[in-house]
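With chain A fixed as given, assemble chain B onto it according to the hints.
If you read the protein sequences in the order shown, they are chains A and B. Each residue of the first sequence is one higher than the last, beginning at 1 in UniProt numbering. Each residue of the second sequence is one higher than the last, beginning at 1 in UniProt numbering.
The set of hints was computed from the structure by calculation and includes no laboratory data. From the three backbone atoms N, C-alpha and C, an ideal C-beta is built for every residue, glycine too. Take the hints with a grain of salt, since some may be wrong.
[Stated by the list, open to error] Residues from chain B shown here face chain A by an in silico Cβ test under 8 Å; the list is partial: (1) Met1; (2) His6; (3) Ser16; (4) Glu73; (5) Leu132.
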Amino acid sequence: MRYNEKELQALSRQPAEKAAEIGMRVPKKGSVVKRRLVKLVVNFLFYFRTDEAEPIGALLLEHCRIAKEEPSGFSISFIEDPDRKYYFECSSEEQCQEWIDALRRASYEFMRRSLIFYRNEIQKMTGKVNIPGKDLILLMFLFLFFRTPWSSTVSLRRPGSS
Amino acid sequence: MKLNEHSVAHYAVSGSPADHEGFLRRCSSPGARQPSAGAGGSCPRCWFVLKGNLLFYFEGRESRPPLGLIVLEGCTVELCEAPQEFAFAIRFDAPGLRPYVLAAEGPEAQEAWVKVLSRASFGYMRLLVQELERQLCDMQVGLASRHPGARHPPHRATRPPDRPPPQPEDELREGSPSADTEGEEVATRLPAPVGRRRLAENCPWGPAGLPLNGGDSPVSPETSCFPKLHDWYGQEIMDLRREWLQARGLGGGL
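Next comes chain B alone, as it looks inside the complex:
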């Protein structure tokens, strides 16, 4: 099976934030028929970097590219018995998958690693985002109901600076055709007053649109829905990037 390995390796060493990093020993699997190593014997010491749901390991702190990748989905992380001190295992639910046994350099490091690894899944992150989205949404609905009919109340949560509306031919267009159906779906899943439904329609992703703008314009950035704002601010970057790529193409294709 292929994987876009170049991009994955690039992501591993890119400047995006690491959730945790440090030295760990890579020990043999407890189930494997291997002579058990003495304390630290055949366990290579590697530099581990956690980025989201991916755990990369490197030969050393500054080594490139990564030696390997562990995808932390559908796994559990727990302390385990091993010849090495401060060991823990990453076990997978799927049959036939052997656990990884790693050993930290001290009890604090062990505890910290087990903690961060056990909540490194995409599902957990998504749950946190959904929960915060819901909290913000509830707060905004509460705020809107205290200002009945107010279209531009003083407590606007987000007001991006003025800038020209996006060009229609831009690739990152707002207002997807599927927004309405998705909005309906969200509204059905979360029985909500009319105000809530309206803001769900305004945001293609979830119920976090701003109820305060009344949903006037499909191209207006006046919304606190993150995907829309992300696209909105992203346009300038995309334009600059396009120019840069064109310039690079003309300059001899480096």
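Just chain A, same shape as in the assembly:
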């Protein structure tokens, strides 16, 4: 399968939802835990050698499973091969939990299910369909005009601050 590495490298340079230097072990025979800069950008998790600017690799976080690992780590596996696990070691249980929470909501599929869920809940309460409402059209307008390419939070704040 072809993909453009430069596209992914450009994405990896964008502001992260979450980034930290933690221990990581890839699912390869004889692999050991190494210190990596791990960076979550949209639904990709990038990992870097701590002294390099370009990532060594990226994991697309769709159809994956995030599990807690004892004592203070977590693992990522993918549904087509659940025994193949990427292990991560955090410095504290708290840090580990923060990563798990962030990674679980980092998939587009999760966002899509959330969207359907909220839409149904609102529909139940109002008895009518809310999309496309004028709020959302306005929002889309703002999004398209004020967005910086990668960050929705910035675009949310901008109209107010200018």
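This is chain B only, laid out in the frame that chain A set:
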């Protein structure tokens, strides 16, 4: 740079819903020094499938695995001049990245593709979810203020069926240690009455917890916060899956 290609290819052909699909021609980049193709000349016709912020292309409709992947983040989609009719380009903001030029089979298809591709980013999806979350939250706060002190009003937004509480050793435990700090953060970002703050604490993700349950129990599923409900319902599936994996392991490790 490595990518979990197997999983990505698996995701491409999995049963999860496609946002859009159809045939497009993959044309050469307008900036590239290539002999320009005649109408449809050197442009291979491929089957394109959009899933979230990923655009996959296949040799044919039923071909597996995908030939390639385009990650639709940080790009703009616009109509462009090309030898082919109904062409459009996916351009990236980062320097040194050449645009993809694709051509649809008709004006309607072209319009539809440009529309879906230009809002395929994760950020846009997140914005929609946040907006709906806020709307629901406002509606629930409004409802709660009309029923002062009512802990179990008739209009409960979500009430999952009774089932035993999650086992403490379960991996998908609720009530994260970081929930309080995140709740505070949400509450500061959105200046809100006490009721709002309370429901933010109740939901580790955002201000969409149900104010109506009073936030009694950290293990209660009585909340309309999607991540919690997702985990709650997911437990049964995870249990079944664990059993299945164990059974599979015993059965000779297929």
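Quick check on the hint: Met1(B) CB to chain A CB, less than 8 Å?
holds (5 Å)
Answer holds if the nearest beta-carbon of chain A is closer than 8 Å to that of Glu73(B); otherwise answer violated.
holds (5 Å)
Please verify that hint: Leu132(B), Cβ, nearest Cβ of chain A, below 8 Å or not.
holds (4 Å)
Given Ser16(B) as an interface hint, is the shortest Cβ-Cβ distance to chain A below 8 Å?
holds (6 Å)
Tell me if the interface restraint on His6(B) is satisfied: Cβ within less than 8 Å of some Cβ in chain A.
holds (7 Å)
Hint compliance for this structure: every hint is met.
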